[in-house]
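Number of protein chains: 6
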Amino acid sequence: MNKYENGLKIREAVIGKEASKLVSDSLADIAPILDQKTLLEFDEAKTRNILDMKQREMITITTLLTQGDTSNQLNIHIQGALNVGITRDEIIETFVHCLPYVGFPRVLNAVSVAKTVFGKNKHCE
Amino acid sequence: MNKYENGLKIREAVIGKEASKLVSDSLADIAPILDQKTLLEFDEAKTRNILDMKQREMITITTLLTQGDTSNQLNIHIQGALNVGITRDEIIETFVHCLPYVGFPRVLNAVSVAKTVFGKNKHCE
Amino acid sequence: MNKYENGLKIREAVIGKEASKLVSDSLADIAPILDQKTLLEFDEAKTRNILDMKQREMITITTLLTQGDTSNQLNIHIQGALNVGITRDEIIETFVHCLPYVGFPRVLNAVSVAKTVFGKNKHCE
Amino acid sequence: MNKYENGLKIREAVIGKEASKLVSDSLADIAPILDQKTLLEFDEAKTRNILDMKQREMITITTLLTQGDTSNQLNIHIQGALNVGITRDEIIETFVHCLPYVGFPRVLNAVSVAKTVFGKNKHCE
Amino acid sequence: MNKYENGLKIREAVIGKEASKLVSDSLADIAPILDQKTLLEFDEAKTRNILDMKQREMITITTLLTQGDTSNQLNIHIQGALNVGITRDEIIETFVHCLPYVGFPRVLNAVSVAKTVFGKNKHCE
Amino acid sequence: MNKYENGLKIREAVIGKEASKLVSDSLADIAPILDQKTLLEFDEAKTRNILDMKQREMITITTLLTQGDTSNQLNIHIQGALNVGITRDEIIETFVHCLPYVGFPRVLNAVSVAKTVFGKNKHCE
Numbered sequence: 001m002n003k004y005e006n007g008l009k010i011r012e013a014v015i016g017k018e019a020s021k022l023v024s025d026s027l028a029d030i031a032p033i034l035d036q037k038t039l040l041e042f043d044e045a046k047t048r049n050i051l052d053m054k055q056r057e058m059i060t061i062t063t064l065l066t067q068g069d070t071s072n073q074l075n076i077h078i079q080g081a082l083n084v085g086i087t088r089d090e091i092i093e094t095f096v097h098c099l100p101y102v103g104f105p106r107v108l109n110a111v112s113v114a115k116t117v118f119g120k121n122k123h124c125e
Numbered sequence: 001m002n003k004y005e006n007g008l009k010i011r012e013a014v015i016g017k018e019a020s021k022l023v024s025d026s027l028a029d030i031a032p033i034l035d036q037k038t039l040l041e042f043d044e045a046k047t048r049n050i051l052d053m054k055q056r057e058m059i060t061i062t063t064l065l066t067q068g069d070t071s072n073q074l075n076i077h078i079q080g081a082l083n084v085g086i087t088r089d090e091i092i093e094t095f096v097h098c099l100p101y102v103g104f105p106r107v108l109n110a111v112s113v114a115k116t117v118f119g120k121n122k123h124c125e
Numbered sequence: 001m002n003k004y005e006n007g008l009k010i011r012e013a014v015i016g017k018e019a020s021k022l023v024s025d026s027l028a029d030i031a032p033i034l035d036q037k038t039l040l041e042f043d044e045a046k047t048r049n050i051l052d053m054k055q056r057e058m059i060t061i062t063t064l065l066t067q068g069d070t071s072n073q074l075n076i077h078i079q080g081a082l083n084v085g086i087t088r089d090e091i092i093e094t095f096v097h098c099l100p101y102v103g104f105p106r107v108l109n110a111v112s113v114a115k116t117v118f119g120k121n122k123h124c125e
Numbered sequence: 001m002n003k004y005e006n007g008l009k010i011r012e013a014v015i016g017k018e019a020s021k022l023v024s025d026s027l028a029d030i031a032p033i034l035d036q037k038t039l040l041e042f043d044e045a046k047t048r049n050i051l052d053m054k055q056r057e058m059i060t061i062t063t064l065l066t067q068g069d070t071s072n073q074l075n076i077h078i079q080g081a082l083n084v085g086i087t088r089d090e091i092i093e094t095f096v097h098c099l100p101y102v103g104f105p106r107v108l109n110a111v112s113v114a115k116t117v118f119g120k121n122k123h124c125e
Numbered sequence: 001m002n003k004y005e006n007g008l009k010i011r012e013a014v015i016g017k018e019a020s021k022l023v024s025d026s027l028a029d030i031a032p033i034l035d036q037k038t039l040l041e042f043d044e045a046k047t048r049n050i051l052d053m054k055q056r057e058m059i060t061i062t063t064l065l066t067q068g069d070t071s072n073q074l075n076i077h078i079q080g081a082l083n084v085g086i087t088r089d090e091i092i093e094t095f096v097h098c099l100p101y102v103g104f105p106r107v108l109n110a111v112s113v114a115k116t117v118f119g120k121n122k123h124c125e
Numbered sequence: 001m002n003k004y005e006n007g008l009k010i011r012e013a014v015i016g017k018e019a020s021k022l023v024s025d026s027l028a029d030i031a032p033i034l035d036q037k038t039l040l041e042f043d044e045a046k047t048r049n050i051l052d053m054k055q056r057e058m059i060t061i062t063t064l065l066t067q068g069d070t071s072n073q074l075n076i077h078i079q080g081a082l083n084v085g086i087t088r089d090e091i092i093e094t095f096v097h098c099l100p101y102v103g104f105p106r107v108l109n110a111v112s113v114a115k116t117v118f119g120k121n122k123h124c125e
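Protein chains in written order, with the UniProt record's numbering: chain E, 1 to 125; chain A, 1 to 125; chain V, 1 to 125; chain C, 1 to 125; chain G, 1 to 125; chain L, 1 to 125.
Don't read these hints as lab results, they were simulated from the structure. All values derive from a computational prediction rather than experimental measurement. A couple of the hints might just be wrong.
Any copy will do: because identical chains look the same in the list, a pair fits if it lies in one copy or spans two.
Stated by the list, open to error - Lysine to any residue pairs mimicking SDA-like chemistry, simulated, CA-CA at most 20 Å apart:
#: 1; residue 1: LYS115; residue 2: THR87
#: 2; residue 1: LYS120; residue 2: GLN36
#: 3; residue 1: LYS9; residue 2: ILE30
#: 4; residue 1: LYS46; residue 2: LYS120
#: 5; residue 1: LYS37; residue 2: LEU108
#: 6; residue 1: LYS9; residue 2: MET53
#: 7; residue 1: LYS54; residue 2: ALA28
#: 8; residue 1: LYS46; residue 2: PRO32
#: 9; residue 1: LYS120; residue 2: ILE30
#: 10; residue 1: LYS122; residue 2: TYR4
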């Protein structure tokens, strides 16, 4: 299994098969190189196993929240956080922990995305 | 022990007694309310025990790296990360994990601060 | 009247009863702690009476404009600015004053939100 | 021809007559001074002829991508980039070149806007 | 008196003669156009007299605090705020008011610059 | 010649041998993976030859200026811009072109770095 295939396997495990396919499809015509590069990132992250997938997704949703204008990416990675076993309470607490560092607007935006993602996962409770 | 005293105890445990005193001293004349507010944050973080201190400091250094113009705060919280038991390799890997989300400049700035902090902790190795 | 009740009274006065209820309702299921924290902020702001409510809302819309990705919050606080007595011309001039510091995109985004909010207040002219 | 008329002529040439009119119309009631100021900017950019219009639009879409929360402006200036003769491949490569400096979220957001703009120009291929 | 002369007079009144000369001198060799453009901004701000100079400097230090990486500019405009009659307490309260919107790092950075500026003005107390 | 060797050759050509070695040395002990990753970026940029090196460095200094808190990186890439043949006037005009999009603070910070870099290249005039 080469790096791209391994990256795909990990990406599917983290963000879900459907979301992974959506990423590929949306980039296929216009910038396929970006799709390949995300695969390499997922492959690498797993290879350097200093942090586990729960820690990685917690870091990911933190950096996305902080950066702003990332609702599409938060959407994918809040689902990713759930997929790798982070609980809803831990996701919200991650966001609340960021409050003194970034203020309400960034945190409330992220909570709003979380609400949508949690709503879609209702049947899984 | 009231909330301020408890917050102080936790802040001293996380960022160190000396750094905690420096924060208080630097704000004493000009904006003591901000010192009190940081104490409340440390008190609260501990009270809502959904995340442990290692997770919290990992989130903190991630949000600081992402935000930019935070070298003073990274300085304090990279030391905080070491103090609560995050290893050097985990700190650097946290920064490297952020690379695909924020790019080189933010990550290299954070690594540069980490180098200074790790240097000061050499005797502890 | 405790701090939360006082904060609620001030929040209702600034952003309006309806918007205040929307904030509470949207956070009730997912992160009620954030609702309580905004109440404390409104309570505090009034207690430290160094700045009046007009100055505070002017500062608020300035920081929101500058930060970016804050259209939801600008929506609420442009209404808040009107509610505490800032005129439309003063709101727009606040945004125009920011132009040399932040550039057109942030300013035009804020003006666009203002246009929507002013439109909703037409009957009050 | 005065500076405003010259600026209008250049703005129409770069972003298109229709988009130029939309900018004017959207600001006419609320902040006409901002419309006039954009005209002055277009006039000036042409006067200081150190960079050509292709270089200017390449710089513009780069700064917009980097800043975030600029989808409206990217929409206008990706079309502008096409209008002054930058190819689709060059636009996408400009975005991909930014990846190591700003990370995936900013780049993917810009690519997503480009996809919409390219779609509207299909008949011109 | 033309626009540049009027702008210079206002800039000197706001940020001080010495700081105004430093801005000109630092840009003289490398980008004199930027010096001229700041003069136009000061001229314009006064002409559109919807906000007074105290309000303008309060907005200015707010947008600079929020943006980050602006210690040079904050240095000049915190002095400017004092020069137009904003008190130290009002400056600090402006920064504290931003806390729930932007978080501690931006606010503490601004307070740190204020401390330096206030120190230089000690003889004026 | 493998990708790392090719990347090194290009990095040396763009930012200079000395600066390239400084990057490697500063990361050797703490995060060598980041040094390797920058080499891959330089290798790739050259391979995808849709944009030439002058265009790439112009994009690079634009994204760095816009992002803020990037004086170290601007230092390296303003020199890089000179090395690949962008003139001083073109560099300054690139920064001035960004002014209406990002405002004075970011532009003045970049001009200040350019002044230092240009000063070091005085003997080459």
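These are the hints, each one checked on the structure:
no.	hint	verdict
1	LYS115 <-> THR87	within (13 Å within a copy, 34 Å between copies)
2	LYS120 <-> GLN36	neither (28 Å within a copy, 26 Å between copies)
3	LYS9 <-> ILE30	neither (23 Å within a copy, 30 Å between copies)
4	LYS46 <-> LYS120	neither (27 Å within a copy, 31 Å between copies)
5	LYS37 <-> LEU108	between (30 Å within a copy, 12 Å between copies)
6	LYS9 <-> MET53	within (14 Å within a copy, 32 Å between copies)
7	LYS54 <-> ALA28	neither (29 Å within a copy, 27 Å between copies)
8	LYS46 <-> PRO32	between (22 Å within a copy, 18 Å between copies)
9	LYS120 <-> ILE30	between (29 Å within a copy, 14 Å between copies)
10	LYS122 <-> TYR4	neither (32 Å within a copy, 32 Å between copies)
In this structure, the hints that do not hold are numbers 2, 3, 4, 7, 10, in rising order.
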